[in-house]
Amino acid sequence: MPVSRTAEGQPEWRRTTPRQDLVRWFGWLLLVALFVFCWNVMTKDTIWAFVWDAPNQAADIGSRMVPPRWSYMSEMWRSLWDTLAIATLGTLLAIIIAVPIAFLAARNTTPSVTLIRPVALLIIVSSRSINALIWALLLVTILGPGVFAGIIAIALRSIGFVGKLVYEAIEEIDHSQVEAIQATGASPAQVMNYGIVPQILPAFAGISVFRWDINIRESAVVGLVGAGGIGLNLEASLNTLAWSQVSLILLVILATVLVSEWVSAKVRHAII
Amino acid sequence: MTDAVMSGRVYPSTWRRPPFIANPAWRWAIYGGAILYLVLAVNSVEVNWSRVAEGMARAGRLLSGFLKPDFVNRWSDIALGMQESLTMTVAATVVGILISVPIGIGAARNLAPTPVYLVCRGIIAISRALHEVIVAILFVAMVGFGPLAGFLTLSFATIGFLAKLLAEDVEDIDPAQAEAVRAAGASWLQLINYGVQPQVMPRLIGLSLYRLDINFRESAVVGIVGAGGIGATLNTALDRYEYDSAAAILILIIVIVMLCEYGSSLIRQRIQ
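Line order of the protein sequences matches chains P and H. Using this note's numbering, read the first sequence as starting at 1 and increasing by one per residue. Using this note's numbering, read the second sequence as starting at 1 and increasing by one per residue.
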């Protein structure tokens, strides 16, 4: 902690040395300069007349949105079911693929740290770096529009998430339990079943439910690019400027998300 | 032990793992319900296998595009999209942090009075409940197409993430240090500056860098609904069946995401 002298010669406590101060101010200056530069580049094509009109637009859209068109609900049930199916089956598929990958990626269970672990980590990273909506965009061009593309998109996006968290859980297990099982003469499969799996099961269940919860949100929008579910209704309603339907869809999405959050909280509470 | 021997009670020599759900009625109801749902959900997914077979050719072309990505033909579009994505990521992260710091402090139960706490928690809940793409649709409708809508979306989404985690962090601080500062007669602002800020700053920087990462990933998606960025370029490339350009864009996205992740982990290591 640096102490400097005031004009009267009294010692004064400071949190930083003048040199640190200077470095910090310079850092902040750079950050502000970067922000101003980015802002200018970003807004160079912006039509400000539209932006200043935004409050009016918002008010206009808002007035069209209420009341929601409740009768449209009859067409929504099927989409709601599809959305749930995309989230659930997608999560399930992701888990089935991600768990073996996680065991291959964890330092203490992988058969080869130099060869197989990097490959597993690469799969995990590349799955995570591409958004579900981009996966959906690709899969719709490959598989055609529909729920199937949505399920695969959600699964491909979730592999990285589930894989990463599960392999971290595997690396954090208590090794003495594994040794105890090994000492009883258990086969590798039995060590896995009685030594490792019970230790990661709570984490695994929590991760799966957490991802399912996230996937409910994602599956509601993959339809925007044609991959089935509520997003399809949203896209159709937006294209026809049917704002009263849009507001109903948003309400349905919100309700679904809240219910899924409640379910996942309940399940996590029951497990942990 | 001796009691058991004398009474002739025999101890079991085998052991079975206790079931995951203790109550058998609940166990079978949950398992049965889950299986029933899965069967129904799988059956409700219509897969047009001939369309899928047709798509395999496209998948092949997409994969061959990855081997031979075309950066040249659409370079001006790609460069513009990347520039929009990057600038709106930086600008939105900065603005998002500036807004979420006061909201995060307001949402910390140990610092804020109850009405402020509830308002801030409400803002966080709204921001988290809505998916980025849906927010983007609404902003595009309000301020028109282009990166400004994306910037607003990302700023809005940053609030929910950063303010929530910051609030939890502020609630977890060591109260002794804050107490010491308060005992020295500090005002509320001084308390924040000397008692709270030094404790949460490393985490805040880490979270901000992580959010920068997320914002870039999301900026690649909001373009699909017209909010500017590389997503729009990707969407156009796929619509035109230009798989080699699409592959080039995806490679760029993955490379930038990885650079972000690597860079932010380096910075985080230096801070902590």
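No lab work stands behind these hints, which were simulated from the structure alone. Don't take each hint at face value.
[Stated by the list, open to error] If the Cβ cut is set under 10 Å, some of the chain P residues that face chain H in the computed set are:
1. Pro18
2. Arg19
3. Pro55
4. Leu84
5. Val119
6. Ile123
7. Ile151
8. Arg217
9. Ala220
10. Ala242
Glycine residues also receive a C-beta, built at the ideal position from the N, C-alpha and C atoms.
Checking each numbered hint in turn, tell me which of them this model violates, lowest number first. As far as the earlier hints go, 1, 2, 5, 6, 10 are violated by this structure, in ascending order.
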